[in-house]
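K.L.:
Residue numbers for the sequence shown follow the UniProt record's numbering, so the first one is 1 and each next one is one higher.
For the record, the hints were derived by calculation from the structure and aren't laboratory data. Just so you know, even glycine gets a beta-carbon here, dropped at the ideal spot from N, CA and C. Relax, there's no trap hidden among the hints.
Simulated DEER-style distance windows between Cβ atoms: (1) D133 to A181: 20 to 30 Å; (2) R215 to T74: 28 to 38 Å; (3) E199 to T120: 28 to 38 Å; (4) E161 to Q112: 35 to 45 Å; (5) E163 to Q66: 33 to 43 Å; (6) A72 to R173: 39 to 49 Å.
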Amino acid sequence: MNSDNPELDYLYARQFAYDVLRRLLMEEPTVELLIYLRDEGLSLFPVDGELPAIEGAITAMKQDLQTRELQAGTDGFENLHWDFTRLFIGPDSPPAAPWESTYVSRDKLLFQQCTLDVKTFYQKNGFNLPKGDVEAADHIGYELDFLWNLSERAIQIFENESEFNDPLFTLLRTSNDFMEAHLLAFITPFCRELNNHAETEFYRQLSTLLEVFLRNDVKKINKLLIL
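Given the sequences, and given the hints that come with them, work out the whole structure.
P.N.:
In structure tokens form, the structure reads like this:
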């Protein structure tokens, strides 16, 4: 969305970015998602002229998708699907383990204090995990989903009030507090493992896109908070 308000434009842009990132790290890739990203989605990702690394990563991801036949059963699609599975699920220990606990806990066990802290943060801010889901709350896909949820709520407040007000600023502070306490605490080693172990350029470049965007988002939101 383009408007005369660059701050509002950024709120819309980050909502879209978190939607893309959560889907790429929470769900196995589908043909429909990859075609959308190839034909349109990646081109809509917010690009900061001061951060050429983001633009370079997006260009490389698009080029990788453009070289593939994205249909179920083809090597082009199945190689990407396998890379996701191998990196984040298994069958062996995933080389790019998607849980915060793996990087910040001494024993690297799931469902311990780190997982509880993340789940408590969610609950205090009205975010609940899917009922019956056995995945740990500190999975990076859930953490990105939480930030997408906050960004969506921020947009709804602005659309209703047409101004930056206290409830909107509270959501933005919550977003940054969560990133500082959790996502940024492990994003560098996670992205390093993703870059080192990905077999496809698409997922290798995702490591750059993810870390640079998150760190830039914290800076952008901090600037909005002093408006």
